[in-house]
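Novice: Those sequence lines, one after another, are chains A and B. Position 355 (the first sequence) corresponds to 355 in this note's numbering; numbering is contiguous. When you read off a place in the second sequence, starting at 1, and then add 1000, the result is the number in this note's numbering.
Think of the hints as simulated: they come from the structure by calculation, not from any bench. A couple of the hints might just be wrong.
To be verified - Heads up, simulated DSSO-like pairs for lysine-lysine below, C-alpha to C-alpha not over 27 Å straight-line:
#1 A:K101 <-> B:K1218
#2 B:K1101 <-> A:K218
#3 B:K1218 <-> A:K87
Number of protein chains: 2
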Amino acid sequence: MTYNAFHPPVRTLMGPGPSDVPPRILEALGRPTIGHLDPRFIDLMDQVKSLLQYVMQTENPLTMPVSAPGSAGMECCFVNLVEPGDKVIVCQNGVFGGRMKENVERCGGEAVMVQDAWGSPVDPQKLEDALKAHPDAGVVAFVHAETSTGAQSDAKTLVEIAHRHDCLTIVDAVTSLAGTPVKVDEWHIDAIYSGTQKCLSCVPGIAPVSFNERAQHKIGNRRHKPQSWFLDMNLVMGYWGQGARRAYHHTAPVNAMYALHEALLMVHEEGLENAWLRHRRNHEALKAGLEAMGLRFIVDRDHRLPQLNAVAIPDGVDDAAVRTRLLQEHHIEIGAGLGDLAGKVWRIGLMGYSSRIENITQCLAALDGVLADLGAPVNHGAALPAAEKVLAA
Amino acid sequence: MTYNAFHPPVRTLMGPGPSDVPPRILEALGRPTIGHLDPRFIDLMDQVKSLLQYVMQTENPLTMPVSAPGSAGMECCFVNLVEPGDKVIVCQNGVFGGRMKENVERCGGEAVMVQDAWGSPVDPQKLEDALKAHPDAGVVAFVHAETSTGAQSDAKTLVEIAHRHDCLTIVDAVTSLAGTPVKVDEWHIDAIYSGTQKCLSCVPGIAPVSFNERAQHKIGNRRHKPQSWFLDMNLVMGYWGQGARRAYHHTAPVNAMYALHEALLMVHEEGLENAWLRHRRNHEALKAGLEAMGLRFIVDRDHRLPQLNAVAIPDGVDDAAVRTRLLQEHHIEIGAGLGDLAGKVWRIGLMGYSSRIENITQCLAALDGVLADLGAPVNHGAALPAAEKVLAA
Chain A
1 MTYNAFHPPV RTLMGPGPSD VPPRILEALG RPTIGHLDPR FIDLMDQVKS
51 LLQYVMQTEN PLTMPVSAPG SAGMECCFVN LVEPGDKVIV CQNGVFGGRM
101 KENVERCGGE AVMVQDAWGS PVDPQKLEDA LKAHPDAGVV AFVHAETSTG
151 AQSDAKTLVE IAHRHDCLTI VDAVTSLAGT PVKVDEWHID AIYSGTQKCL
201 SCVPGIAPVS FNERAQHKIG NRRHKPQSWF LDMNLVMGYW GQGARRAYHH
251 TAPVNAMYAL HEALLMVHEE GLENAWLRHR RNHEALKAGL EAMGLRFIVD
301 RDHRLPQLNA VAIPDGVDDA AVRTRLLQEH HIEIGAGLGD LAGKVWRIGL
351 MGYSSRIENI TQCLAALDGV LADLGAPVNH GAALPAAEKV LAA
Chain B
1001 MTYNAFHPPV RTLMGPGPSD VPPRILEALG RPTIGHLDPR FIDLMDQVKS
1051 LLQYVMQTEN PLTMPVSAPG SAGMECCFVN LVEPGDKVIV CQNGVFGGRM
1101 KENVERCGGE AVMVQDAWGS PVDPQKLEDA LKAHPDAGVV AFVHAETSTG
1151 AQSDAKTLVE IAHRHDCLTI VDAVTSLAGT PVKVDEWHID AIYSGTQKCL
1201 SCVPGIAPVS FNERAQHKIG NRRHKPQSWF LDMNLVMGYW GQGARRAYHH
1251 TAPVNAMYAL HEALLMVHEE GLENAWLRHR RNHEALKAGL EAMGLRFIVD
1301 RDHRLPQLNA VAIPDGVDDA AVRTRLLQEH HIEIGAGLGD LAGKVWRIGL
1351 MGYSSRIENI TQCLAALDGV LADLGAPVNH GAALPAAEKV LAA
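Can you build the whole structure from these sequences, using the hints too?
Specialist: Structure representation (structure tokens):
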């Protein structure tokens, strides 16, 4: 094999993540590495924790970034809160609910599945029924924003129901955090995890998590040690400064923390409410364009994530051909369907820094052009005027 | 809390890791993010795998970077190779052998500990005795290069002994890889893990691992699923292209892979043998300086890691005061003692890009100055001439 320097092409990232990373975050990422026990790095860790509390809308002291991708953030919540023999209600309405089931079972727990159609939100009544049928359940887990379908569930209501039945809650906010409201304290979420590469527009590889006092109590009173040493919050807590003295646990990904800090600063500067509004407005413009073209959303209006737009691929259109041409000719990445939706939908992300007007017009123009060129049944030329009308309003 | 942009100080990193990251790796790290399923990224993954095979001296197809720090690399080897009820011989001669024990127990295995003094290598005879006493053991685990003490063990011999007793081997090469010879195929190591932030001089956060055919056979024929979903090699293999088609598993830390690729390229350009030689030569110079100053190594000459120099803190000298002055006045980071050696030793790293002549002279001059200023019993002024004599030879 011949080896050579890797110079990535410049893409416009409009898939389900990673989203576009702004230049100032990339610049922060590449600053000189310092030691993970350097007093200056400890200061940075404190700022990162505090900024994460802001973005997650929580005062939980146990709020920190796990040094691994979002899927490790999920595993972190499960291995700390589920013990062998525990019964966990898992609400599934897409790929990631299925992954939660895997996690429960690998913890030695029993997963009771509550199924909803892919593209629908989790049905609160079904959760209520499952909790009545399984009064011995101790944990309820669900995905707030299903990355595989673009559907958002009513986290506040689901947590309320779980608490009425004396269950802890584990919430997946990988795609929602900083794109739509996620209010950990107001909604009384017990454990939550997210990722950096979606609406935070940071590089992939880190998973913010937060645990409230109830969750922390359970972690501190387990019958068995968590099965993971790397993700054991009792140990990670020591490293991230819950005690008087910071204890070495693992070597933090120093440069990734520079980038996360910069990404969180950007959200703080914009203001969370403004970021939610921007995601909402830009979604309306993209939606107007896509619908004018003749494309159909697979999630009903009330449960649609503004940051992740899943549309049905028109009959007879070659999924891969369209995505390949968008990537090769226009340098735009959109997402394929996942799991049961493979080949059936496209997922168009407007997450974080990718949620910009220029991305919307660029994507609509390119998609319209490629589909028309392939002879797909679209209203050629209708998308941009429709989007511009919304943007001008 | 007031938030502001984080501009790290420029340090000279001569602790136990992270080591200095060269500018060209930092520059690669900050290149534009692309999708983790982008065909160009897939090409990069193939190069990274092939370069890792070179650096690990192996043709194992199952050679790849785990998307998390070295301690997750350790956990990856254990959760895949140890099942509930398995007996594992763990050789401990420092902190990281103790962490291996934790891993075995969290996998539901039984750890049989073979203890050697901290600062000594693992004694092959003790391993042989333990294997005779425990014929039902299935795995032997040991640390090739103990980061907590600076001692190197004879990996080749230990693996031979383990194999004679029909055990698989798990080897920690976090601090040795690219600093001293690590020959996975020639030594028949079954499973090995390392980190990026030591002699590869890459940013921290990624753990290269490799499994040979015997290990892969065990992974493919487990009685139970590994307890970790994130680290399950059966799934990770699908993502890193062992099958015909790449299956989505998690989102790779894209930018960290740019940096790792660049770091591996640098080792390839220098040549592994040259890198080993450079680490050896620079160690000789540092050693001459430290010994001329009057400091004593805690590891005997034959088992000393050239890249990690552990010296006893002279009686009456304030450990923290010295390290703080080195950091604040000279911007040099050296390592404190860990575990049983806390307060007793300093660990001076010459790893990867930190293993440069200018670092040696800078460190010796600063340490000599600070110790003399604190009235420590050192031969003030003797260190630099001694080191220079070696460098001139």
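Novice: Evaluate each hint against the coordinates.
Specialist: Against the structure, the hints:
A threshold of 27 Å between alpha carbons decides the hint, and for K101 of chain A with K1218 of chain B the separation of about 25 Å falls inside it, so the pair holds. Our distance criterion of 27 Å between C-alpha atoms is met by K1101 of chain B and K218 of chain A, whose separation comes to about 25 Å. Restraint check: the Cα-Cα separation between K1218 of chain B and K87 of chain A comes to about 30 Å, which exceeds 27 Å; the hinted pair is violated.
The structure fails to meet hint 3 from the earlier list, while all remaining hints are met.
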